[in-house]
Amino acid sequence: MKTKINSLVSLNVNPCKMCMPMGASTAFYGISKCMTILHGSQGCATYIRRHMATHYNEPVDIASSSLTEQGTVYGGEKNLKIGLTNLISLYNPEVIGIMTTCLAETIGEDISGIIERFREENPQYKDITLIPVASPGYGGTQYEGYMAALNAIVGKLDMNTEKNDKVNVVLPPHSPADIRFIKSAFVQFGIDAIFLTDISSNLDGGYDPNYSRLPRGGTAIGDIRKMAGAKLTIEITDDTTTQSPAKTLFGKYGVPYRQILSPMGLKATDAFYRLLSEVSGVTIPEGLMEERGRYLDGMIDSHKYNSAGRAVIFGEPEFVISAVRVCSENGIMPVVVATGSVFPSLKDYVGQAVEDLGVRYFVDGYAIMDDADFKEIEEAAARYGANLMIGNSDGRRIEVNLKIPLVRRAFPIHDRVGGQRLRMLGYEGTQTFLDEITNALLKVTETTFREEIYDEYYKGSGIDKNKKMVEDKYISDDMVKKTMEHPCYNCAGHKYARIHLPVAPSCNVQCNYCVRKFDCPNESRPGVTSSILTPEEALERYKTVKAKLPNLTVVGIAGPGDSLAENYPQVKRTIELIREYDRDVTFCLSTNGLMLPFYANELADLGVTHITVTMSAVDPKISGKIYKYVSYMGGIYEGDAAGAIMISNQMSGLRMLLAAGVICKVNIVTLKGINEHHIPEVVQTCKDMGVYITNIMQMVPVKGSAFENLPMVSNLEIGKLRTECGTIMKQMLHCRQCRADAIGTLDNDISVDLAGFAPEEKGNKDKGKKHMLFAVASKSGINVDLHFGHARELYIYEYTDGDVRFLEKRDVEKYCSGNAYCSEQDDKIAKMLNALSDCNGVIAMRIGESPKHKLEDKGIFSWSTFDKIENAIMNAAKQV
Amino acid sequence: MNERDLLLEKYSSRVFKNRKSHITQLEMSDEQDTITANTRAIPGIATARGCCYAGCKGVVVGPMKDAVTITHGPIGCAFYSWGTRRNKAKTEEGGKNFIPYSFCTDMRPTDIVFGGEKKLEEGIDEIMAIFNPKCIFICSTCPIGLIGDDVQAVAREVEKKYGIKAIGFSCEGYKGVSQSSGHHIANNGLMKQVIGTGDKKPMGKYSLNILGEYNIGGDGWEEERILKKIGYEIVSVFTGDGSYETMKNAHLADLNLVMCHRSINYVAQMMKTKYGIDWLKVNFIGIGATCKTLRMIAEYFQDTELIAKTEEVIAQELEAISDDMEYYRSMLKGKTAGIFTGGSRSHHYQSLLRDLGIETIIAGYEFAHRDDYEGRDIISEIKPDADSKNIEEIAVSRDEELYKERYSGEKLEELKEKGIEIDTYDGMFPDMKKGYMVVDDYNMFETDELIQTMKPDIFFSGIKDKYSIQKQGVVSRQLHSYDYSGPYAGFNGAVIFGRDVTMSIYTKAWVLTTPPWKTAALLGGRIGGEN
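So the protein sequences, as listed, match chains A and B. 24 is the number that full-length UniProt numbering gives to position 24 of the first sequence; each next residue is one higher, with no gaps. 487 is the number that full-length UniProt numbering gives to position 487 of the second sequence; each next residue is one higher, with no gaps.
Possibly wrong hints are sitting among the right ones.
Where chain B lies over chain A, by a calculated footprint (3+ residues, C-beta under 8 Å) [stated by the list, open to error]:
#1 51-65
#2 235-245
#3 540-549
#4 675-688
#5 856-869
Computed list of lysine to aspartate or glutamate pairs in EDC-like fashion (alpha-carbon distance at most 20 Å, straight line) [as the list claims (entries may be wrong)]:
#6 Lys96/B x Glu602/A
#7 Lys779/A x Asp125/B
#8 Lys90/B x Glu399/A
#9 Lys508/B x Glu793/A
#10 Lys96/B x Asp867/A
#11 Lys88/B x Asp415/A
#12 Lys90/B x Glu566/A
#13 Lys621/A x Glu638/A
#14 Lys831/A x Glu793/A
#15 Lys201/B x Asp278/B
#16 Lys226/A x Glu94/A
#17 Lys229/B x Glu299/B
#18 Lys868/A x Glu808/A
#19 Lys416/B x Glu401/B
#20 Lys160/B x Glu849/A
#21 Lys134/B x Asp867/A
#22 Lys628/A x Asp838/A
#23 Lys160/B x Asp110/A
#24 Lys160/B x Asp867/A
#25 Lys165/B x Asp199/B
#26 Lys878/A x Asp199/B
#27 Lys854/A x Asp867/A
#28 Lys779/A x Asp801/A
#29 Lys118/B x Glu93/B
#30 Lys434/B x Asp33/B
#31 Lys226/A x Asp158/A
#32 Lys272/B x Glu421/B
#33 Lys868/A x Glu159/B
#34 Lys383/B x Asp867/A
#35 Lys868/A x Glu421/B
#36 Lys868/A x Asp33/B
#37 Lys403/A x Glu602/A
#38 Lys200/B x Glu401/B
#39 Lys161/B x Asp785/A
#40 Lys134/B x Asp785/A
Honestly, the hints are just simulated from the structure, not real lab data. In this text, a Cβ means the ideal position worked out from N, Cα and C, and glycines have one as well.
Isolated chain A, as found in the complex (with noise of 0.2 Å):
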């Protein structure tokens, strides 16, 4: 089910909303002869007329009281005075809108009572209409400032109650083509109708030779006057909760009122000409039924495309909703649905529709999320595999980053033109929405279903008579010798020689099973190296052994954390540089696929033919277990949520790479109790993605590790569990779980007997050892992330000029001795102290001022900084 997001939280990071005067203005927009003045810093104004102005493609003017410092200090009342008499004479409008803003809120401006004084002073303006509007930015979205003011415009006016045979029309804020539409229908059934308010020509205007300053489109203002005898007032709305002037008008006028659903998708489209049948006592023209027909018709035609559809959704909650009921009745999953406001009940609207969908397509993986920006959206998208945007043009650098086609609906679109023209509304608008979605989808498959099938049915399968053959054919022969000579890929290519570079060492997830450790001579295993190699560096050692091993067919990065976690742009510089002086050597890499999907296109173009992935379970449950954190984008995740991130992630990025023409592997670490069962499973699921090889490892015990007292997997069950997934695909038999500086071939490791040998170590030698210990406070074992006051435990490094290295942890309780020092009060900085008696320094994230003196009585320093606990000990051994 939904996973919890973990996010900023005191922060939006990209903002999915806009503030209210936006919408204000854009309601005002709707009214014949009407200026808009905003009350409050000028900066607001032009912000709003750029913003509007690039997606409307209209002229938009907004005046500004422009307060400065001095009318914070005084009142704006004299500036608002003369705004409102300048924009008069410039303009001559009939009716101005006032709204307020942040400041004119925050210093508590009285609009009402300025008006009322500006009406008293300047009678010669009693023809004009103001209306004031309270739109404090920090109050809400722009679609709350959008209803604030049409409540405000029927609230506030003096209104004509004279009975008449109109029906007043309150409006959403679609765009001006969709309003066009609306307007159209009241017209084809005959209904006299008032539309609160009218944007459809002022803000997508036609080109006139006689070019007028002062919006003339719009509903007039004395027709907006008429409102309050209407004999009925519909008003189409998505979101029932927000203030409805509809209400209003009841609760004021007593002018009955009918809610509608925004005529999007065949069934509210419907019920929308049936009110209007019934209302206006007209038959639904036969015209109409043909056009239901035709979207009908279009509907099946697209069902079988739609349905691979899985959509983020987001906007304002109008619009999220009614777009949600499109994809819904068309049968495109909705895996996001999000609002930037703040709107708790988004879930009451959507919830069962999305649910259903979920249940029809067996996906349980989405989220419903208000009061979200894009960092949250971009998150949720890759973790549900969205395959397709639908929102406002702010979704482009999802749609770049995760390259997810976004159809452009809604406001603001500001990097294509005619957001004014966007159709959604009726069964034309919204055949034309549903096949730009259906394109958008359709487009991806039809440029890489050819691949994909082929992947899926053809490519090392079973049913392949002549594997060989067609593997030959779709792998390049530069690919198959590659693959020929890759040791780790193909046991015919034992007698080549690999090496790892370690260059990678930070990590972005914990394994239950590895303790991160360097310099571990005797041991032999992933995850273990002796010294870390800076790029240049690498490409110093790849030279010499070289020299040594003509047989050096491959160059493999494998860590010694994950060769796409922080340290990525090093390993990207290596490849390069080697590659700049060997043309032909094979680049291998080995990841634990969190990161995949944002490299594998890049890697496949930096060269990378083959790519180890270690994934050893497909279920999130399972994956679960196996990691104690994954930490990604920001967030840190663990249990499901951490197994589901991850599978989501290899598997896409595999998906990716095999698209990219890369040879892959995949390591399945069998781990007793926990997954053993279930490899079958990722081997055929490695299959049916067109992994080459899988490769089933025992898992090593490590001691410090979570799972150090777990029971190893005999060798007999693990060639029983190899046999077994043979008869699914090609299995790798010969892994020796090399080191992360392995040199040589897999039956000879010589990277110890090559210590000292590697150019980059012999400089070292000579110079005067500088050799240090120090405590570091630490929740993750990768940062410097824990108050020295509340570590429980200490890592201790070694320091050796340059080099760092793990020693051990140390439970500072272990270290109390005895009463007479753990006093209550000093109990745990006299257990840190004793604890750290050997140390040069500690380094911890903050460090209190009592515990540091008395480390420094002691002769030890203290650092506190936010960093890697690598880079931290580096600098801190420089400052030493």
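Position chain B against the provided structure of chain A, taking the given hints into account.
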């Protein structure tokens, strides 16, 4: 009645009184031309100006890519200033780039009532845990100063807690009279807390800072390309594609080049006082201007080899573009233009337009000061008013350790004699001719009126004006965003600009939309492209 009087006549007496000194038609009287600038905009007139926050966050500090800029306030300002200027930035190898992000404390009514400092502090803790930048800027919006949040204090705490650089800017929207106050506040912050804190000496023989280049549409990259071809090292760029990491070392450069005088002259001045670095007002917009700029820089260093290399590069570059430029000039010669921009481009682009045979007959600035129009000599005559007094003037003094006199005073005079414009700027007026119109703090009404009386063939402005100009049947190109084109600077940029302007004027759409005053005013000329 001249065009200026025709325009002013339409104003009420009160507005007339204010606006008359902001609108100057050049050389129409015997008196020296002057203009009033940097005073309050008239409420309700729909000024094109933005606010202090826009100048600080949007213009100066926002483009610094390795710094996290947090908007402290309600969400709107963070949204509106998110990716709206086209200040391009490329991520450095292994470096961080926060340009695609907008960070905001998203204050709600309760935060306005109870204060937002706590939220800001917690937000910064999150930023540090997740993004771990080396530098954080906090930019305040309107409510902040009023509710008493102390962003400087928060910044100091952040520096103490995390050992990074953090600067709080009190750039509330209402401060000053335009974006200009925000530039000044940003300049002060960078001068006080960033410039001079690094110690990475430039390696090259001659090193430069480019000040006031925001890399709109990649302009800065074209400038760097040319300068590097000649052999200069660029220490830092303020601030397009700029970074905290490089700006720290700006004081170690040999010379400052100033592109946008308005937004960055404070830094240039203060660096001269504190570190002894001379500055040249340069212009890379236009071929003639670029050549003049390059020659002036080479002359400044008094190195014959450098001068020869400069000439060689100029010759190569001109050779490569001369055919294209000749063609565009043949298409555009004799046309007239209007330019309304922020505080520098209306001057810069006159050179490029002149290269193409176009005369700029209307020019105006949103937020310039008198020196941008009349030259720096006027500065001593400008009296501070209530608004400018509210913006802090920081006093810098000579840094005894780092101050390095580049040339003696005598030598400087000698170089100035030779025409090297050191530490000076003559403004826009001298480059414009009799009868041309200069407008300060222009608005939509004046734009419309001047289009009708002065009848320019093309108008360069921004998105707010663009559609109104086009509705009047006049070609409009945006000089704030370049209509998503660019670069326009340097040699290659000139060709791109020539192409864009020619494309615009000769697009078929204009055949069908003859402006009303073109048919009514008996001029009878057909606009370009008409058959």
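Results of checking the hints against the structure:
1. 51-65: Coverage by chain B holds here, the residue count being 12 at a Cβ distance below 8 Å.
2. 235-245: Contact hint for the stretch 235-245 of chain A vs chain B: violated, 0 residues under 8 Å.
3. 540-549: Not satisfied, violated; 0 residues make the cut.
4. 675-688: Violated - the stretch 675-688 of chain A has 0 residues with a Cβ nearer than 8 Å to chain B, which falls short of three.
5. 856-869: It holds, with 4 qualifying residues against the three required.
6. Lys96/B x Glu602/A: Roughly 18 Å separates the two Cα atoms, so the pair holds.
7. Lys779/A x Asp125/B: holds (16 Å)
8. Lys90/B x Glu399/A: Cα-Cα ~19 Å, so holds.
9. Lys508/B x Glu793/A: Violated: lysine 508/B and glutamate 793/A sit about 75 Å apart, past 20 Å.
10. Lys96/B x Asp867/A: holds (15 Å)
11. Lys88/B x Asp415/A: holds (16 Å)
12. Lys90/B x Glu566/A: Roughly 19 Å between the alpha carbons, so the hint for lysine 90/B and glutamate 566/A holds.
13. Lys621/A x Glu638/A: holds (11 Å)
14. Lys831/A x Glu793/A: Between lysine 831/A and glutamate 793/A the Cα gap is close to 11 Å, so the pair holds against 20 Å.
15. Lys201/B x Asp278/B: holds (18 Å)
16. Lys226/A x Glu94/A: holds (16 Å)
17. Lys229/B x Glu299/B: With a Cα-Cα distance of about 17 Å, the restraint between lysine 229/B and glutamate 299/B holds, given a limit of 20 Å.
18. Lys868/A x Glu808/A: holds (17 Å)
19. Lys416/B x Glu401/B: violated (27 Å)
20. Lys160/B x Glu849/A: holds (14 Å)
21. Lys134/B x Asp867/A: Holds: lysine 134/B and aspartate 867/A sit about 11 Å apart, inside 20 Å.
22. Lys628/A x Asp838/A: The hint is violated at about 31 Å.
23. Lys160/B x Asp110/A: With a Cα-Cα distance of about 42 Å, the restraint between lysine 160/B and aspartate 110/A is violated, given a limit of 20 Å.
24. Lys160/B x Asp867/A: holds (15 Å)
25. Lys165/B x Asp199/B: holds (15 Å)
26. Lys878/A x Asp199/B: Holds - the C-alpha atoms of aspartate 199/B and lysine 878/A are around 17 Å apart, at most 20 Å.
27. Lys854/A x Asp867/A: Violated, because 24 Å separates the two Cα atoms, which is more than 20 Å.
28. Lys779/A x Asp801/A: Since the Cα atoms of lysine 779/A and aspartate 801/A sit roughly 26 Å apart, the hinted pair is violated (cutoff 20 Å).
29. Lys118/B x Glu93/B: Violated. Lysine 118/B to glutamate 93/B sits at ~35 Å, over the 20 Å cutoff.
30. Lys434/B x Asp33/B: With a Cα-Cα distance of about 11 Å, the restraint between lysine 434/B and aspartate 33/B holds, given a limit of 20 Å.
31. Lys226/A x Asp158/A: holds (10 Å)
32. Lys272/B x Glu421/B: holds (15 Å)
33. Lys868/A x Glu159/B: The hint holds at about 18 Å.
34. Lys383/B x Asp867/A: violated (50 Å)
35. Lys868/A x Glu421/B: Outside the cut-off at roughly 49 Å; violated.
36. Lys868/A x Asp33/B: violated (62 Å)
37. Lys403/A x Glu602/A: holds (13 Å)
38. Lys200/B x Glu401/B: holds (15 Å)
39. Lys161/B x Asp785/A: This hinted pair holds, its Cα atoms lying about 12 Å apart.
40. Lys134/B x Asp785/A: Answer holds: lysine 134/B to aspartate 785/A is near 17 Å, not above 20 Å.
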